[in-house]
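Starting from the given sequences, assemble the full structure and let the hints guide the process.
Number of protein chains: 2
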Amino acid sequence: MADQGCINLRAAHALLAGLIQGGMRDLVLSPGSRSTPLVLAAQAHDLRMFPILDERSAAFFALGLARAARRPVGVLCTSGSALGHWYPAVIEADCSGAPLILLSADRPPELRHWGANQTIDQTRFFGVHVRAFYDPGPPDELPGVGKYLRALGRRAAAECQGLDPGPVHLNLPFRESLVPGPDCRLSPSEDPPLIPAATWPNDEGAQAQYPRIDQDVSPYPFIGDDIHLNLGDLGQLGRRGLICCGPGEWTKSGSAALWRLAERLRLPVLCDPLSGLRFGPGSDAGIVRYDALLRYPELAQGLKPDWVIRFGRAPVSKRLNDWLTGVPTLLVEPGRRFSDPTHDVPLKIQADPGRFCAWAMTTDACPIQADEGWLEGWNEVEQRLERLMADYLSQAPWCEGHLVRTLIACLPAGEGLLCANSLPIRQLDLWSGSRRLPLHVFGNRGASGIDGQASTLAGFNASGLPTTGLLGDLSLWHDLSGLLQLRGCPRPCIVINNGGGRIFDTLPQRNLPSLERFWRCPIPLALGPLTQAFGLSHWEVADGTELVQALTEAQGVQGVLIEVRVDAELSLEVHRGLEKVLQSTHP
Amino acid sequence: MADQGCINLRAAHALLAGLIQGGMRDLVLSPGSRSTPLVLAAQAHDLRMFPILDERSAAFFALGLARAARRPVGVLCTSGSALGHWYPAVIEADCSGAPLILLSADRPPELRHWGANQTIDQTRFFGVHVRAFYDPGPPDELPGVGKYLRALGRRAAAECQGLDPGPVHLNLPFRESLVPGPDCRLSPSEDPPLIPAATWPNDEGAQAQYPRIDQDVSPYPFIGDDIHLNLGDLGQLGRRGLICCGPGEWTKSGSAALWRLAERLRLPVLCDPLSGLRFGPGSDAGIVRYDALLRYPELAQGLKPDWVIRFGRAPVSKRLNDWLTGVPTLLVEPGRRFSDPTHDVPLKIQADPGRFCAWAMTTDACPIQADEGWLEGWNEVEQRLERLMADYLSQAPWCEGHLVRTLIACLPAGEGLLCANSLPIRQLDLWSGSRRLPLHVFGNRGASGIDGQASTLAGFNASGLPTTGLLGDLSLWHDLSGLLQLRGCPRPCIVINNGGGRIFDTLPQRNLPSLERFWRCPIPLALGPLTQAFGLSHWEVADGTELVQALTEAQGVQGVLIEVRVDAELSLEVHRGLEKVLQSTHP
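Just so you know, the protein sequences line up as chains A and B, in that order.
Taking numbering that gives the first Met the number 0, the leading residue of the first sequence gets 0, the next gets one more, and so forth.
Taking numbering that gives the first Met the number 0, the leading residue of the second sequence gets 0, the next gets one more, and so forth.
Among these hints, one or two may not hold up.
Chain B regions said to be covered by chain A (calculated; three or more residues, Cβ under 8 Å) [claimed, not checked]:
| # | stretch |
| --- | --- |
| 1 | 35 to 47 |
| 2 | 73 to 87 |
| 3 | 327 to 338 |
| 4 | 397 to 410 |
| 5 | 468 to 480 |
| 6 | 514 to 522 |
| 7 | 530 to 539 |
Hint data in this document are derived by calculation from the structure and do not stem from the laboratory.
Remember, predicted model here, so these are calculated numbers, not experimental data.
No residue lacks a Cβ here, since even glycine has one placed at the ideal position from N, Cα and C.
Here it is as structure tokens:
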């Protein structure tokens, strides 16, 4: 009788071989029985493996790893409700375009819908939130099955990258036994040798099914001369244009092309904190204080543009989004995404931003003439705001502004910063300024959830990019499992402890009598004992000097959580004071 | 201009009014902005509200509450990835038939698919895992909208109960503003008064759309005389029949009817630990030591039945399932479920088990004559095993057997016990015995996940049923957020700490070289500091005397976690020793 355990192992091995050919190097796995053939095959392939008990934390960890490494990362779990825990991270990966390979083990078809243990319907489990779903059925010994599974692995790896990167779900049923007998041998590959990666068609060709991803090559094919667009058309709308760069990714050559284009067209470039353009060479040409500027209504009115070229998603700043509502916008965005919540985009160009900029520089179609003094006016306001905000902060009591400025000044060149949603990202937006030293700032800004921040941070660090975290207290409490993963992190996780969801202090809910109980929802426990229980170091910081010291001492120490207490009421006053200063000072 | 905040509030209020008419009394909610109208409406209705930060924990809490209270429980969260966290509990509710009302706030259609913040596609978000999905669209002021939403609420509450209880998903988009202005008043209901609950058609009628659920009335209509079944047919298969009661629920009158039927037919009744039949009046007639019995192959062979009547799901015991494979089985199960993983059911009767038993007693169609001595043989073996296992355990070193027997002896009459999956439920199965004092034993045995146990336990306790937890260490680590909810629990959570997933020590994976790293996955942290960080009391217990003392002292103390250390290697030896004793002793 055939050794079904061996048949399972060979199938799993073939599938993983294809995934590895497609670029997968890491597997984040949660324990279970049904997934055994895949775990054994992963060991045989010498994949880098990260066992994480809680599948939710595992998937966010994989998300961070995939976003930092920019290649497919596998997530593996057993059958049943286990894969349900992946859903939040799958949604974020879907929205933010992270290449996750979701490998769920399953029971075979004859057990599904018959009340068998740990058996649920896993078919199309993540609905529209994955790029593709495949279920190859239980492994058997038919001819060509190994070839098929290798091809499926390559294909899944390609489909999670490509034009619309995102998660791909492979549901993998196995019949028992799950452990192979002692005589089981992996058969040699039946495949012809693969075309070496170096000679694959590059990503400008139509055949770029398996794009090679490196630091300076965009994963998106450029549509090139097919664009029926004369940028001069924008000029018809007026001579005051703006480039708005929302959350997104730029290659080195891409951002260089952007800055060249902006200079040639004399256009101000508004840089979102997650645009990748605030921190690094050329960033001093960007406008980064618009969220402060727009608190001054007359100035905001005077600088309103006639049109916008937008790269990346809708920006973080609600003020900026509101201000740009109604302004005709040319959206440059790869893939199927259409980031236009205000419905102001008459034309979307489906292209990589960097390649679009390079093309716009070389085409004759680009004779936009900005108003005399338009760019200069923006730059002047930006510089005044820079001084004004620094002066104001120097006299204000300790708040997130000091924290953000200190952090941006201190973080080593080329490292990462993961910023949580809600208040932290908005504080970063307002206060970060810019710097010439590169810094990779990330946020889970696809679905903008409170969730998975600590686990994502650990995933970034596992990729080899040292990444510091900036979280709120509720974010941390929401991802307690993530604390288990922070232990090995070479960079600290900074937690702004201001007593719950203080974003609601800035929203209309602030006047509701049950604000504390149903919106702020503070957790009445101390971070100190919690971090100790998880084997983390807990440092408390009360001002800028202590923060600098803590960041310096944390270099190279694993598992440090830096708690920064902020008095939320005082912070609200500081921010209200800034508005008054802005409105009373003609910048 | 109309106050959209007020329109939203009125719509939310009408929907909740319908849900309340349908039996919903509790709302478990996680903080967010978009869900504000529903939170305000719930306050106006004076619903019992449980704010829980982590949506995953919130949903499991609601699951426990719904299962204990046997009425619809609402779960509420904001838009985006938030509702993704519900998925594991939704799956369990789907599989185990718990009436959850999933209320997800959403952005309006004009923002979906346009890159708006915290906006994802929430349509049919839980796929086939909910009973129904509705999206009534953003609230407006059209005539009849309040009536429609009240009707929708009543309908959802009915659909989550009924023949196939389970989760129902209401996706609820709201336009801004979310907080009503100061002049907003809730309009009086336009509805005619509801038919009072007491006069609703009872659940025997075909119109039982809104079943009244109390302690002694089954929620399932009985199909009665439509059954074209002559129970005598079973007699054709042989004279050795068996009643097998898997995990399920019995009403008081239902279980009384079962015991009467079993006595009349002279059939042994095998009672799963989750059947509800091991603990309470009549339970001493049941067979509960089959998992031990089946470790003795010759005896197992000799007692093999000719046919089985099964109530409830497939039993927990793998030995029992294997042993019954191939035996023709009459399955009595309400709703669409078909619990037959071994495909041995030629006939399923869609009926409430208790009503089936009552019917079988009154019909002439039931002249089954069991073999002389068949039932007596079973009872004799059961009694011998009872003595033998007690004797064996009295001389064995401390293990789960002592723990389970002490626990079952100590728990107050009428209280609850929630037992986690994997090893704890199997240990309970093997060692629990039975008792005449009632005890409600529960398990999340629908999808049998490791997940959400602490949160579910807190939900049971919140229902007013004092419920003790029996978890493994990994279960607890998997649901760290649940520790936040345990603080208010009036009954302790017992944690068997045996160093990770020891179920794998009993499976074929036990010989794999990477057993520890990829399967057992122990968490190398201490429970003591962890529980202290969460404000829980941590008591350690090393033997039966200490356990009795701890259980006594824990009565009325909130937030107690009792850690019971078990030496996994020693425990394995004890269990192997039991098999040897069983096989060498002719019972």
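Here is what the structure says about each hint:
1. 35 to 47: Since 4 is at least three, the answer is holds.
2. 73 to 87: Since three or more residues must qualify, the claim that chain A covers the stretch 73 to 87 of chain B holds, with 7 doing so at under 8 Å.
3. 327 to 338: holds (count 3)
4. 397 to 410: violated (count 0)
5. 468 to 480: holds (count 5)
6. 514 to 522: Satisfied; 6 residues make the cut.
7. 530 to 539: Holds: 4 residues of the stretch 530 to 539 of chain B have a Cβ under 8 Å from chain A.
The structure shown violates just one earlier hint, number 4.
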